[in-house]
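*Asks:* One letter stands for each residue in the lines below.
Number of protein chains: 2
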Amino acid sequence: MKKKKKRNSRKSLKRVTSKGIASRVGVSVMTVSRALNNRPYVGERTRRRILKVAKEFGYSPNHIARSLVMQRTETLGVVVPEISHSFFPEVIKGIEQAAYSAGYHLILTHSAEDEAREKDVISTLESKRVDGLLISTAQTVTSHKTYLDAIRMGTPIVFYDRVVTDIGASCVGINDEECCYMVTDHLAEHGYKAIAHLCGPASVSIGRDRLKGYRKSLSRRGLKLRPDLVIRSGFSEEGGYAATQTLLRLPQISRPDAIVAVNDLAAFGAMRAIAEHKLRIPEDIAIVGMGDVAMAAVVSTPLTTIQQPAFEIGKTAAETLISEVEGRTKPGKRIIIGARLAIRKSCGCS
Amino acid sequence: MKKKKKRNSRKSLKRVTSKGIASRVGVSVMTVSRALNNRPYVGERTRRRILKVAKEFGYSPNHIARSLVMQRTETLGVVVPEISHSFFPEVIKGIEQAAYSAGYHLILTHSAEDEAREKDVISTLESKRVDGLLISTAQTVTSHKTYLDAIRMGTPIVFYDRVVTDIGASCVGINDEECCYMVTDHLAEHGYKAIAHLCGPASVSIGRDRLKGYRKSLSRRGLKLRPDLVIRSGFSEEGGYAATQTLLRLPQISRPDAIVAVNDLAAFGAMRAIAEHKLRIPEDIAIVGMGDVAMAAVVSTPLTTIQQPAFEIGKTAAETLISEVEGRTKPGKRIIIGARLAIRKSCGCS
DNA sequence: TTGTACGCGTTATCAA
DNA sequence: TTGATAACGCGTACAA
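Just so you know, the sequences run in chain order X and B.
Going left to right, the first sequence walks through residues 2 to 351 as our numbering numbers them.
Going left to right, the second sequence walks through residues 2 to 351 as our numbering numbers them.
Hint data in this document are derived by calculation from the structure and do not stem from the laboratory.
It cannot be assumed that every hint is accurate.
Because identical chains cannot be distinguished in the list, a pair is counted as satisfied if it fits within a single copy or across any two copies.
As the list claims (entries may be wrong) - Mimicking SDA-like on lysine to any residue, the simulated pairs with C-alpha atoms at most 25 Å apart in a straight line are:
| hint | residue 1 | residue 2 |
| --- | --- | --- |
| 1 | K346 | G192 |
| 2 | K20 | D186 |
| 3 | K56 | E116 |
| 4 | K225 | T247 |
| 5 | K334 | P310 |
| 6 | K15 | I152 |
| 7 | K146 | R49 |
| 8 | K331 | M71 |
| 9 | K94 | I338 |
| 10 | K56 | T125 |
| 11 | K15 | R329 |
| 12 | K56 | I152 |
| 13 | K213 | C350 |
Only a predicted model underlies this, so the values are computations on that prediction, with no experimental measurement involved.
When you get a sec, could you build the whole thing from the sequences and use the hints?
*Replies:* In C-alpha cells, the structure reads:
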C-alpha cells in the first residue's frame, strides 16, 4: 500500500474517496461502493467496518463522479423569468418540494425576461447535464429553437405558467383563456361597458390566451372590442402603470370604466396611475387582475383577481418532469390546474 | 478508426463529445479541447474547422466531466430557510446576479426552518461538490457542527441575514441590534411605555441581537423590562399572531401599548390578532416590524419598519463567497449592510 | 502546433 | 462474496 500524499492544491484536508476507505479497510473500491449504496453481495461484517470508517473520515460520496458514469445528475434546471414576481417564489417552493421528495436537486437560473439570457442559461444548464428543464418563458422570446434543441438532445422540458404547447413538451398552468374570460365577464355582467385590457406580449402563452378570454367575454356580451382599450403592458408593475397612463390620457368620453390587467402586478401599476390621477377605485374605474399574489388582498382597495395556485403549479410541473425523466410517462401533456375567481373590492361588484 | 455504436441507453441522440468532434475533424481530443477553450497552440484553420463541426453537431461541453478533473464545479449551494418569506426571493435575486456575472451557478435548497432538513441539504450540497455555501440558518438550529464540518472539509460558507459569527465564516447582514434599537427607541421616544417584543429564537442571530437592541432601548430610556411582554413568536405570520393573542389576553391594565415584532411577517400576524380583538392600530396599540417587505407599505395600516436591503445582502454575500472560493480574500469577515428606519402609520408617531 | 498517457471518483461487468 | 478493469468526458503534463 503505497500512499503518496501528492497534490495538496486546496488548503484543507483532502476529502476521502472510496479508494481511500478501501485501502484503510483493506478491501476493494467495489466492495466499498456496494456497502455505501446498500447493495447486496457484501459481507455483513465488511459492510459494518466500511460504514464505520466512512463515517469516521467524514466520507461524502462524490456526486460529480457518480453523475459522470451514471449519465444522470438527479438535478433539474429551473428557469424563472423574474424572481421578484411573488408568484414565482411560490412556484419554486412547489418545485422544490416535489424535487426534494424525489431526491432531485435544483439549479436555479434567472432569465430576467430576456431571450438572450434565457438562451444562455439553458445552454449552461445543458452543460451541467441536468436531467430535465422547468421553464417559464421570458417575456421577449420569439423563437423556440433553444427549447427544441434541448429536447432533441435528450433534455426533456416541462413548461409552467408561461407555456409553449406546440413543441411536444408538457405544460402545466391554469386555463388562461377561461380564467381571463371569467374575470372579464364578471365585470361585463355587472354592467361595465368600456372594459380595457392591459395585455402581455402575444408571443407568450398567457398574454395570448388571456387576451382571447377577454375578447370572448366582450363578444358574448355583445360589447364592441375597442382597439384603443387594448394596451400592451407586459407583466410588470411599471408596464401596468405606463399602459394605464395611456388609457387615462384618452378624452374623458372614451375612457374605460373598467380594466382587466393581465396579472396582478400590472394591476398594481394601474392602481398607482389611477391614484395619481385622483380617480377612485372602483367608483371611477374598476380594476381586476390575475394571479392573486399575497399583496392583492391587502392593498388599500383589495384586488379582485384569479386565484392561481402557484405552489401546486410548481409541484405538478416538477412531478411531471421527474416522471418523464424516469421514463414513467411520456411528454406532451397539457395539465390544467384549477383556478377560481376571488371577488374583492376593486371590481365594485359587491 | 473503429466507431462502434455501443450503448444507446437514452432514447435520444447521443451527445457529441470532444472525442467525437476530434475524430470527425481528424485531430486529437486535445486540439479540440484547446480550440473550444480558446487556448493557444491551435492552428487558426484547425480551430475554425473544429468550431464549425462543434456547432454543427450541437456540441455542449460536459461540465460534469470538467468539474471532476478540475475539482471545481463553479457552483454555489444556497440554503434558504423559507422561500415564501418575500425577503428571501429578493436575496436570491441578488445572489443570482453576482453569481451569474462571475460565471457561477446556483443550487437552491430549502431547509424549511428545520435543522434536520438543513443538515440533509448541506450534506447533499457537499456531495455535489459545490465550491461554496450561502446559508441563512434555520429557525430550529441548535448545533453548528454541520457548518464546521463543511468548512473543515474545504467548503467555505458565507452566512447571510441569519448569521453564525463564531466559527470563522464570513457573515453578511444588517446590524440587527442597532436596527432593533432604532425601531424600539422610535416608539420609546414618542412616549410609549409598555413596549412588547415578539422575539425570535435565541439560537438564531437575528433573534438574539434584535432582542438585545430592544433591551438596550428600554434600559436607556429607563423603562422596565417586563418579561411578560417578551414573547417568542418566531419569524412567521402565524407565530406573530399566536404571540399577540397571548399579549392581548393579559389583563387590560398590563397590556402593552406598543409592539416591536422581530420581523414584518410576525408584525402582520400581530396586526391580524389586533384586528380580531377590535383594537385599532396605532391608537390602541402601535406596532413596528423589521425587514420592509413589499407588503409592509401597502397593508391597510402601513407598517413602520426597518428597510433591510435584501438584494444587496444577497449580492454582497455571493460576491464575498466567490472571492473566498477563488482565494482572493480570507473568510471571517463581518459585513454590515446599511439599513434605515421607514416611518409609516402603524407606529402613530407622525 | 499537435498528440499520448494518465488521472479525476465513481459504477458496471465479468471473472475469481 | 469479492476484486480487477474498463468506462464516463475532460484537462494536465509532457513528448513529438
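*Asks:* Take the hints in turn and mark each one as holding or not.
*Replies:* Here's how the hints hold up against the structure:
no.: 1; hint: K346 - G192; in the structure: within (16 Å within a copy, 37 Å between copies)
no.: 2; hint: K20 - D186; in the structure: neither (68 Å within a copy, 60 Å between copies)
no.: 3; hint: K56 - E116; in the structure: between (47 Å within a copy, 20 Å between copies)
no.: 4; hint: K225 - T247; in the structure: within (20 Å within a copy, 57 Å between copies)
no.: 5; hint: K334 - P310; in the structure: within (19 Å within a copy, 41 Å between copies)
no.: 6; hint: K15 - I152; in the structure: between (38 Å within a copy, 12 Å between copies)
no.: 7; hint: K146 - R49; in the structure: between (52 Å within a copy, 24 Å between copies)
no.: 8; hint: K331 - M71; in the structure: within (22 Å within a copy, 36 Å between copies)
no.: 9; hint: K94 - I338; in the structure: within (16 Å within a copy, 27 Å between copies)
no.: 10; hint: K56 - T125; in the structure: between (34 Å within a copy, 15 Å between copies)
no.: 11; hint: K15 - R329; in the structure: between (40 Å within a copy, 21 Å between copies)
no.: 12; hint: K56 - I152; in the structure: between (41 Å within a copy, 17 Å between copies)
no.: 13; hint: K213 - C350; in the structure: within (23 Å within a copy, 49 Å between copies)
In summary, the one numbered hint that this structure violates is 2.
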